[in-house]
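Colleague: Dock chains B and C against chain A, hints included.
Here is how the chains run, residue by residue.
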Amino acid sequence: MEEFINVGKRIPKLDAEEKVTGRAVYIHDLKFPGMLYGKILYSPHPHARIKGIDTSKAERLPGVKAVLTGNTIPPVKFGFYKDNVPLKAGKVRCCRDEVAAVAATDPDIAEEAIELIKVDYEILPAIFDPEEAMKEGALLVHEDHVGGKEKKPTNVLNLPWRFTAGDVEQARKDSAYVAQDRFRVTWVNHCCMGTSGCVALFDPKDNLTMYSITQIPSLAQKDYLGALSAMGLKEKKVRVIKTMIGGGFGSKLDTYAFEYIAILLAHKTRKPVKILFSREEEFFATSPRQPAIIDIAQGCTKDGRLTFRDIRMILDNGAYTSWGATTPSVMMMPISSLYQVPNVRYVAKCVYTNNTYSQAMRGYGNPQATFAIDSQIDTLAEMAGIDPLDFRLRNSNMPGEITPQNFKITTCGLKECIDAVAQKLDWRQNRGRRNGRGLGMASMIHVGGGARVYNSDGCGTIIKIDDFGTVNVITGATDMGQGADTVIAQIAAEELGVRVEDVVVTHTDTDVCPWDVGAHASRTTFVAGNSARGAARRVKEQLLEVAAKSMGESPEHLDIRNRVIYSKIDPEKKTPIGKILRAAHYAAGGRMMIAEYFYDPPNENLDPKEWKGNLSVTYAYGTHGVEVEVDKETGQVKILKYVAAHDVGRAINPMLLEGQVYGGVAMGIGYALTERLILKNGKVVNPNFLDYKMLTAKDVPNIEPIVIETNDPFGPFGAKGIGEPGLVPTAPAIANAIYDAVGVRIKELPITPERVLAALKEKEQG
Amino acid sequence: MDKQILTFTLNGEPVQLEIEPHLTLLQVLREELELPGTKEGCGMGECGACTVLLDGKTVNSCIFPALEVEGKSVMTIEGVADAKRGLHPIQKAFVEHGAVQCGFCTPGMVLSAKALLDENPKPTEEEIRNGIAGNLCRCTGYLQIIEAIKAVSNQL
Amino acid sequence: MKRFEYLRPKTLDEAIALLQHYGKKATLIAGGTDVIVMAKQKKVVPEVLISLQGIPGLDQIHSNGTLKLGPLVTHRAIEKSDVIQREYPALSDAVGWLGSIQIRNVATIGGNICTAAPSADTACPLLVLNAHLKIRGANSERTVPIDQFFIGPGQTTLSPGEILTEIEIPELLPNTGSAYWKHQRRLALDLPILGVAVLISLDKSTVTCSDLLCTTSPISAVLHRLEEDELLCKQIRIALGVAAPTPMRAKKAETLLRGKKISDELIEEVADTASKEAQPRDSIRGEAWYRRDMIKVLVKRMIMQSIERVVRPDENVFPERLW
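Protein chains in written order, with our numbering: chain A, 1 to 766; chain B, 1 to 156; chain C, 1 to 323.
I should point out that these hints are in silico values taken from the structure, not numbers from a laboratory.
For each residue, glycine too, the CB sits at the ideal point set by N, CA and C.
Treat the hints with care, as some may be off.
Once the Cα atoms are required to be at most 16 Å apart in a straight line, the calculated EDC-like pairs of lysine to aspartate or glutamate come out as [said to hold, decoys possible]: (1) C:K296 to A:E633; (2) A:K683 to A:D108; (3) C:K2 to A:D108; (4) A:K568 to A:E545; (5) A:K680 to C:E287; (6) C:K42 to A:D108; (7) A:K698 to B:E34; (8) A:K31 to B:E34.
Far from chain B, some chain A residues (derived; all Cβ distances over 10 Å) [said to hold, decoys possible]: (9) E18; (10) R23; (11) T55; (12) N71; (13) C191; (14) R239; (15) H557; (16) G578; (17) A666; (18) N702; (19) R745.
If we strip away everything but chain A, and leave its shape as in the complex, we get (with noise of 0.2 Å):
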């Protein structure tokens, strides 16, 4: 096997000396000539009717070039649901609503002139239970919103999440052990480093451009067009320009109000304007990860195999809709697929209240339910008499086998990362002690092979190479610090036969990248790499052509190594890459070297009925484990050990791989143990770092991540998806190490010193 130059080598991010010395610029850092300044004025109420906006004052104030309010500006209705707009006009739902904003020549006066602006409110009661919200005759959300077969008034979302696989009811009554559960889990924050921003601005024909930190530019492209289609500007043309980005974890997945706010005080100002959220806003402003309330039934036969799994969700929507609402289609994907379950049913409510509303985070649903299905394996095991290793062995998924919703597993590392984690944690000596440590584990599945969530989930790649040498890979896909480019480099140079210091990734601008679906499902190495691959494959056979004329050989008979192209039959005959291409540019009847491809997976759409089919062309597996020490007197927990065992098909970055892992363990366990966002009456009592608890450098336990290399099929150069699997195992691994530990069940999120105490307490009384 020949070994690689560039894939599989440790090799440092593209940009990483720009950051390191300070000059990568992000949305922070961009100034305009003329620029304004946006500031938004939220409600502070969770509902009310709005009386009245006297703007005058902001007006007034020197400096301040425009004020916007719900009622002076188009109707631009966002959103999948289509239920939200920029500024909303008649009432507020929730506290995060924008209802005025101003632009202003610096930041200081936009603010002083949003706190000049006067709202008359009406305040109205409220409603945060989303279980009283489903509940008949209960307080409307949106009044006009009916739903159900009798399209009645109703804070339940017309989705149609359910999912049927099998006969679960025949399935309970065949079962010798049965668990039931109730799971919780709340609302947390990405926490990107660089908070939101935008800059709008239109050229003199009203074509805009926007400089975005957004992780689908191609698909914010589309959402810019259908505002200023709405705004009345039809036939115009939209540029996204992304800045570098400081974090995503899927908060740039949607197109928020502040954008629509930003483009239309750049149309009455006809200035460029940017808006920038402060880490407040960041906290109360931004869509949090879905909140759920898991209803959960497992059973096994005697023996420990699973016979089915039975799992009602309650989706605490907020005032609006976002990608929240869609989870439950990830979250499918566990319940359908994570270990053998040949039974299985899944119904998921999501339900108007007055909180903030969620949208995409990092795995997208999959935490919150493996957090509930991983949990409760252990439950079942424990039932059933079986060590929660030999339990999660038994019922383990295997490369082949077709899942209940009709996922094709091709290569599947999951009994090898089982087993790795129990060896690295000595799991037969060091479970079962009870004594204030213990040992827990759980797995995961995710999509590793993209996702077929819209109509396509293609990239387009071009490469093209000059004079020089240097190959230029210009991809529709996004960099928000994970290391796309690189692998992206890394690929084509293996592809290509050159090195990774020859190549120069362009991901930014959408008047020159190809179209891309965008940075989510971890599917950026997979396709954006299996497309670069194609491209360099293509720009491979031109050069070839024009080499084998120079050197007298047949294009089949010829290969490109390490910049050197040479003949396979005869070694000794061979250029460097460099000679053929000046050649092919200054010949007379010269050429370019520039190929494009466009790759969209053969996976499929799940079809819109039975929510079955072959999402994605191959799955991710890992399974993490844990040794914690719990302070019975304290409630606290401290991780001793954590392993992090993943399928990755093959690491063509071995160190952004561990740094993935890393980051991912990191937030999951922050998920687990203390972060929240608190809201009392619909607003976030703690909107910053202090009480916001996210994980510092003391923080962090060490982590070692185990990598096993499957080698997909599909996957370029065997690869497969890795940003998400590093947060999806890391609650339920430790919930069940604490319950080794001493014996007490946390079934709510983040299981915090107190909830372990109180449980502590209880168990001793009872």
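Modeller: Chains B and C alone, transformed into the frame defined by chain A:
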């Protein structure tokens, strides 16, 4: 409000400017002196993204009154690399060990690492974690940053 | 942040005169890590900030029997002081946990206690060390014991125009040990759910103990290990943070142990009384019931930790885990 004159040393060079007295050091660096390398992550001294060195010690520039740097020396990320010798060993190590992902926390993190190693060239892992505990990072999970600092320390 | 003037007087008298002149329009600023944050949050809206940083001599640490700290001594300077770590370890514990190095390089001990948050980390150690505060006004100088200094959340007995000029810790009895525990959710950048400081003076110390005494050993085990029949508690002070509107001394609990022989039962009673004396409340940072429970657990642990510091004064080992 009358402006006041501020004189100090910035990245080894003398600087004098007139500023409004309420400005923070971060505002002076980013807006008055147009050095955007120092970042604002929270504006409240809770995340460390705005970390700069004041007479060799780390401070959160977002809550530091600019007038208090009078007569002192400030180092920002722009002053860490050497014009002749190139990247500082800490910067090189960050690049080589995967310690940089989105990069927003990186300038502050590099300066905290520098202050740590300047004072204590052979820190234990505990001391390294303590040295960067005031710098939040959401991307890396800190471990590769700790590895990078260890690597530099081993060379010293 | 609204605009303000920034003045840098060169002497204390000048500072006091400026304070008098501007009255309510002015706020004193030391390091600024509280004041600037509060100004940004609009909790204070000063027209004038009067900085103490320009006044020489306010950042000194003097120790010879008594410990004298200038108000501008930074938490970092305290953290690095060997004498404080050895003789007044509760204070050393407190500053080590405070915020981050960036904050500690700038934030001052004077600022910490004058901001007077119920969670102020240095308050509890200073309470058990029985600190006395020297305060200077336009025409007056007075000394206030710290347990009379805090009168409400964010409120002290400082009158307008007065400045804290020195923190003095009186001479300690021989065989004194102290400790502070900040009960928090993260290991940095955090405010305490609860803070507990203890100072204990014993009638004797048996020095030849080289292995680590686990802080959660019952005193009976300690006595057995030290081959002592009894240890007498000559002095005990217990201070609690975030357990009342101000940092407080658990005086009722103290009287149970002061002058008595130390026993497991007595320590248990002391911890229980302290928890009943406190008035913790529910907040987003912690629930009252949990705070009360933790007072019991942590007072016990800090008493044992303080005893350990008497017994092993030369090795100030902070245990990695308290269980």
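Colleague: If a hint holds in the structure, say so; if it doesn't, say that too.
Modeller: Hints, one by one, checked against the model:
1. For the hint linking K296 of chain C to E633 of chain A, the alpha-carbon distance of about 10 Å falls within 16 Å, and the restraint holds.
2. With a CA separation close to 25 Å, the supplied pair K683 of chain A and D108 of chain A exceeds the 16 Å bound.
3. Note on K2 of chain C and D108 of chain A: the hinted pairing holds, with a Cα-Cα distance of about 8 Å set against a maximum of 16 Å.
4. Distance restraint check for K568 of chain A and E545 of chain A: the Cα-Cα separation of roughly 15 Å lies within the 16 Å cut-off, and the hinted pair is therefore satisfied.
5. Using a Cα cut-off of 16 Å, the hinted pair K680 of chain A and E287 of chain C holds, with the two alpha carbons roughly 15 Å apart.
6. With a C-alpha separation of about 14 Å, the suggested pair K42 of chain C and D108 of chain A falls inside the 16 Å cut-off, and the hint holds.
7. Of the supplied pair hints, the one linking K698 of chain A and E34 of chain B is violated, its CA atoms being roughly 33 Å apart against a limit of 16 Å.
8. Proposed proximity of K31 of chain A and E34 of chain B is supported: the alpha carbons are some 11 Å apart, at most 16 Å.
9. The claim that E18 of chain A lies off the interface is violated: its Cβ sits roughly 8 Å from the closest Cβ of chain B, which falls inside the 10 Å cut-off.
10. Not every CB of chain B lies more than 10 Å from the CB of R23 of chain A, the least distance being 7 Å, so the non-interface label is violated.
11. Annotated as non-interface, T55 of chain A keeps its C-beta farther than 10 Å from every C-beta of chain B; the closest such distance is 27 Å.
12. Listed as a non-interface residue, N71 of chain A keeps its Cβ farther than 10 Å from every Cβ of chain B; the least gap is roughly 32 Å.
13. Here C191 of chain A does not stay apart from chain B, with its beta-carbon only about 5 Å from theirs, under the 10 Å limit.
14. No Cβ of chain B comes within 10 Å of the Cβ of R239 of chain A; the nearest lies about 23 Å off, and the non-interface call holds.
15. Its beta-carbon lying about 39 Å from the closest one in chain B, H557 of chain A satisfies the requirement of being farther than 10 Å from that chain.
16. With a closest Cβ-Cβ approach of about 27 Å to chain B, G578 of chain A is found to remain outside the 10 Å limit, as its non-interface label requires.
17. A666 of chain A, annotated as away from the interface, has a beta carbon of chain B within 10 Å; the closest lies near 3 Å.
18. With a closest Cβ-Cβ approach of about 7 Å to chain B, N702 of chain A is found to fall inside the 10 Å limit, against its non-interface label.
19. Its beta-carbon lying about 27 Å from the closest one in chain B, R745 of chain A satisfies the requirement of being farther than 10 Å from that chain.
Hints 2, 7, 9, 10, 13, 17, 18, counting from the list given before, are not met by this structure.
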